[in-house]
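Chemist: Now for the letters of each chain:
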Amino acid sequence: MNGTKKVRALWRDYLEKSFNITIPIVAVLLAFAVSGVIILVWGSNPFEAYAALISGAFGGPNAIATTLIRGTPLLFTGLAVAYGYRGGFFNIGAEGQLYMGAYAATWVGVTLSGLPGWLLIPLAILASILVGMLYVLLPGYMKARRGTNEVLTTLLMNYIAIQFAEWAMRVNHYMPGVTKFDDGSPAVWTWVNWIGIKDPTQPFPKSPFTVEAAYLPSLKSVMQSGFLGELFGQAEWYQAIFNHPAFGRITLAPVIGIVVAILIFFIMFRTTTGYKSRAVGLNAQAARSMGINVPRTILTTALISGALAGLAGGMEVLGNQHRIIPNFLVNAGFDGIPVALIGQLHPYGVLLSSFFFGALRAGANKMQIVSHVPVAVVYVIQSLAILFAIAGGTLDIESTLKKRRMMREREAAPSAPPQGSGEVSHAG
Amino acid sequence: MLDKFVQIFITVDFYVAILRMATPLLLAAIGGLVAEKAGIVTFSMESMMLMGTIAAIVGSGLSGNVWVGVLLALLGGMLIALVYAFMAVTVGAHQIVTSVALNLGMLGLSSILYALAFTRGDEIIQQVIKVPGLEVVKIPLLGDIPIIGAIFFNHYPLVYVAYVSVPLVWYVLYRTSWGLKIRAVGEHPHAADTVGINVHLVRYLSLLVTGALSGLAGAFLSVGLLNSFMENMTGGRGFIAYTSIVFGKWEPGGVLLGTLLFGAADALQLRIQPMGLNIPPQFMTAFPYVVTLLILILVVGKASWPASSGQAFRREGK
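Going down the list, the sequences are from chains Y and G. Counted the way our numbering counts, the first sequence spans residues 21 to 448. Counted the way our numbering counts, the second sequence spans residues 16 to 333.
Same shape as in the complex, but just chain G:
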């Protein structure tokens, strides 16, 4: 039994699958991190991802060009982020409550949009529609390195976007004045306001980044992995992305690690099942959640949270 288990770990295919499974999570989580750092709870990434899945399918299916779909997904994610920003920042509504409402609404709306785009006449379509999907792009030179090239540089283009996004977000957050503003707004909005930072604007813009990347994450699910749409296609991946942010203690590196862990559990689960190993696949699925829970209980202190997380900003005396 053990040697079968080891076999999984020595195949290139397994590591390719980890990266592929981790990509939608990473795209959303690293985008969510930006808004989280600005003090916004991104429990609504699920709805932005759902918008991404449907926008990508519709764009790709109607135009015949997958990149139109990807662009639409990016814009669609930003649109939902804008709605969320309006509720969370301008109205000052409870962010998790708003997120729950948005997630629920997008669950319905995505199905309706899908049917609207692909229904002819009175017929409600039953069969799965295939649309033009993303193609694997091998990076020249790097892709030719044995093993490493096959694992890292032979992927859908959005995987590379995810690679780049991690150092990029890190750089923006910690090495630019914009990042400083974002973090200031998240840690102490009143102080930031006093020095002339437009708290609401910073939060809006950070959420737009979250929306764009979550939209891409959704696109990766629909036009990347499957080339088709199913109801509730994200299946809680937005929440997993959110969990990864907590797992990673609100740091880009940690977020990357978290999404890789969830990706690995996904990949492992798919491989254990056909091998007839005696580990129930449900345990594999539950494993990352248990690990995150343990980390939350044992390690993550209150200090990890951006101080103003989840609180709407209002000027004193207003």
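Chain Y on its own, in the form it takes in the complex:
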């Protein structure tokens, strides 16, 4: 008897932690079908267009590298949104936190130029995480203490972050070696140059590149040095794979992203922190009666979400662009929302959906070149996929599970009165 109970508990546990993959896949297929009609109206062959899209995303090592590179920031912001959403903190502000994180990582990578890479990279990552958390502190605190709507506060702070970054990109950064500004005037440094991030030698609003020590190593160099390199370095097949230039383009960033996704899975489902977050997100009142400190939990949720969004910016700087420029990652923060939702708010689901979205972006250019279909179709595909997924009711996975469990309990005790109203309530 005890044994069956245990198995049942395990099964329930599995159900809670798994994600329903059918509905997002159906939603995505439907989205492709409807967008296919748009492509037809446009006057192109949808099958041809989609073939180009797929080959642009997966046709060869370089295409796959692009997919991974484009998907990585979405993975981090998707995780940020998913974790926050599960905990009842709808973080619309990933965009702003991402910008601040990117700024912080760039600042560290440019300013602390004397440090060796093994110290500089962790410092830059840490800076982006901390700044991301700092930037979500106010909305998190206000939501926790006063119930102020986080959607609005985080949305507003996006604009402030982007304007701050735009401004910082136009104020010369303190660089001791530089004696002349881009306009030819002699360099005069003030405190504001410690905040500014502009390259003082260039007339454009962009930051200088970080020192090379702050570049995340490429997979190629990782695989060919150290333990792995010694072990397999002589093998021909190993050389054939990892000598490919595509591996020179991919840095450790996607790998770190996958590790972080696994880490978030553990936090979400295997720690009390994650349990509390999910309990508060599901039903704050019930959580309170269980003795959970709701305000503190909301603040923790917000901070974890902000940390992930800040990391998204840091990783993009360290692993891909190595500096910030205007519009440096357009909408990567906002796109975290669809990524998280298609990914069923589950870390592994987000992992899959972020690289799916990355593939769409990577393939869109080829689709435009081959079949003259505008890149904008990709937005429509994404949008329809979410709409279909919502209409499929997948977003309420937890409440569906709860309902299923309640039904089972009701079957076990047929005299029990029916519970729960039918109201679908989403605290905005």
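Any given hint might turn out to be false.
Restraint ranges, calculated between C-beta atoms of paired labels, are given here [stated by the list, open to error]:
no., chain 1, residue 1, chain 2, residue 2, range
1, G, Tyr189, Y, Gly63, 50 to 56 Å
2, G, Met245, Y, Gly63, 22 to 28 Å
3, G, Gly79, Y, Gly63, 20 to 26 Å
4, G, Gly250, Y, Val275, 31 to 37 Å
5, G, Gly79, Y, Ser75, 41 to 47 Å
No lab work stands behind these hints, which were simulated from the structure alone. Where is the CB? At the ideal position from N, CA and C, for every residue including glycine.
Go by the hints and put chain G onto chain Y.
Modeler: Only chain G this time, still in chain Y's reference frame:
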């Protein structure tokens, strides 16, 4: 430096610009207020505005008459509102999530529609197409009053629509039985349902108002201010309109004030840049957001929100 700054404020042109910049925000926000009062979150105004921009351009460009464009924009905004209403009211989907999806989709669809309407053969157009735009209409008599006439009564027609919409929405919301129904549905849908109000219908109709006015707001951007279309033309103005509703604590007067503040920041920013003043323009752009954030933190309590905001209505026991 200070006298230069003062100079901005004593030119008529500056106040004309405030009204012009505030108009698209005001049109959308005052329309959004109606649905907000009915308990619907109007985060999707951005998509309705985007539909307005493209519908106006296409209508005006293909027919040669700008008013066909304006009408199409109105209908286009309502169409998107209908889609949103279906998701938010009938399906009961999360409203902000749905809004995010719609905004994203319209961003893509507007570009495709534009290219579809103005592409000939295989050529993807590169140059900006100009279409017939709105013309400034001077109101007789009122327009002749010195200064005041120049500031208030010498504008594109849609500016006057925005003027009228504020008292009109106020009147409908607070002085008619329809307004009572809207507010009842927003504050307590279950009670409203009990007394026989069709909650879903009221929410659908309120959203149609939002869609119509947001569509007009989009039209003002495309055939009013620029007479051409750019990708992501609204550039987040739908969110600013939404912010103005919160800023105005869900009251028509407050919404007007909020949109004027954002309009003023826009107008000021455009004027500060060429004067070589030492205020970074980014600070001016960020200023209204900071003010709204502060207001949200310091002033707006939970009480300001319509009680059922963002919650889909389902009859008990269903």
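Chemist: Each hint: holds or not?
Modeler: Tested hints:
1. G:Tyr189 - Y:Gly63: 50 to 56 Å: holds (52 Å)
2. G:Met245 - Y:Gly63: 22 to 28 Å: Since the Cβ atoms of Met245 (chain G) and Gly63 (chain Y) sit about 23 Å apart, the hinted range of 22 to 28 Å holds.
3. G:Gly79 - Y:Gly63: 20 to 26 Å: Check passed, 25 Å falls within 20 to 26 Å.
4. G:Gly250 - Y:Val275: 31 to 37 Å: holds (36 Å)
5. G:Gly79 - Y:Ser75: 41 to 47 Å: holds (43 Å)
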